[in-house]
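Full structure from sequences and hints, please.
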Amino acid sequence: MKRIVFILLFISNVLVHSESLKVGVLQFAPPFSSISDKANHYYGFVVALMNIVCNRLQEKCEYIPIPKEGELKGLDKGVYHIVFSSTPITTSLPANYRYSLPYLPSDGQFLTLKNNSIDTLNDINFKKVGFFKINFQQSPLLKKYETTNTLIEYTDPAELVNALTTKKIDAILINYQASRFIVNNLNPTEDDQLKLIGDKIPIGSGYGIIALKNQSALIDKINHILLEMEKDGSYLRIYNEYFGANPAYNLHH
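Following this note's numbering, the numbering of the sequence shown begins with 1 at its first residue and continues without gaps.
Derived from the structure by calculation, the hints contain no laboratory data.
Honestly, I wouldn't trust all of these hints.
To be verified - Below, computed lysine to any residue pairings styled on SDA-like, alpha-carbon distance capped at 20 angstroms: (1) Lys68 <-> Val79; (2) Lys128 <-> Lys168; (3) Lys73 <-> Lys128; (4) Lys133 <-> Lys168; (5) Lys133 <-> Pro30; (6) Lys167 <-> Tyr242; (7) Lys22 <-> Lys221; (8) Lys195 <-> Asn125; (9) Lys127 <-> Asp192; (10) Lys221 <-> Tyr242; (11) Lys231 <-> Asn214; (12) Lys133 <-> Glu153; (13) Lys127 <-> Lys68; (14) Lys73 <-> Lys195; (15) Lys133 <-> Glu159.
Bear in mind that the values here come from a model prediction, so they are computed numbers and not experimental data.
Structure follows, in structure tokens:
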């Protein structure tokens, strides 16, 4: 009998440790995360970052798309253990969740067509502005423009950019790093080239990884690794690969 109990405990222990760490990411949000044509192969900044974290945790990580119901619903339903949040860190997160340290600063950026007469933030007044819902749904920045502008939310970044290039809207508001990626990499036709409007705008306390409160020990380990990566230069190498040099940013802020 004791032998049977031992075997059962051994098997259950193996199963616990063989389970992969499931990580929630957006399926199409370049340069942060995207899925290739290959079976469940993800790539991008947060994937490269998490691959190192997983390696140092000695865990096998599996990337899971964030469901349409939202990133927190995925945690509640056990779809994944942690999720890379696309919403800036705020104090309004319910008590049963916990943020990690920020893995990236959170800034917004306005974009428009290059041949558009909109050149400054003041020129945006009374224009149609599209925004990526998941980045700005709780942002006070929208309140600044809702009285003078028509604001249109989009849940798909590709549809947001397409609405601008087809002139359904006059400008878009998205994450700053994503805006630089779009301007430098999409290479639309000459008539559809894009430009930044004004400077980047702070919209929170950075982007964090979210887990349920009962995964606090895991978040503590991830925080420790993020700080290690900052000290040993591995974080900066990944950041520079995707976003260019940024020696001033550190994870303590």
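Taking the hints in turn, this is what the structure says about them:
{"no.": "1", "hint": "Lys68 <-> Val79", "result": "holds (12 angstroms)"}
{"no.": "2", "hint": "Lys128 <-> Lys168", "result": "holds (8 angstroms)"}
{"no.": "3", "hint": "Lys73 <-> Lys128", "result": "violated (31 angstroms)"}
{"no.": "4", "hint": "Lys133 <-> Lys168", "result": "holds (17 angstroms)"}
{"no.": "5", "hint": "Lys133 <-> Pro30", "result": "holds (16 angstroms)"}
{"no.": "6", "hint": "Lys167 <-> Tyr242", "result": "violated (29 angstroms)"}
{"no.": "7", "hint": "Lys22 <-> Lys221", "result": "holds (15 angstroms)"}
{"no.": "8", "hint": "Lys195 <-> Asn125", "result": "holds (17 angstroms)"}
{"no.": "9", "hint": "Lys127 <-> Asp192", "result": "holds (18 angstroms)"}
{"no.": "10", "hint": "Lys221 <-> Tyr242", "result": "violated (25 angstroms)"}
{"no.": "11", "hint": "Lys231 <-> Asn214", "result": "violated (28 angstroms)"}
{"no.": "12", "hint": "Lys133 <-> Glu153", "result": "holds (5 angstroms)"}
{"no.": "13", "hint": "Lys127 <-> Lys68", "result": "violated (29 angstroms)"}
{"no.": "14", "hint": "Lys73 <-> Lys195", "result": "violated (35 angstroms)"}
{"no.": "15", "hint": "Lys133 <-> Glu159", "result": "holds (12 angstroms)"}
Of the numbered hints given earlier, the model fails hints 3, 6, 10, 11, 13 and 14; all others are met.
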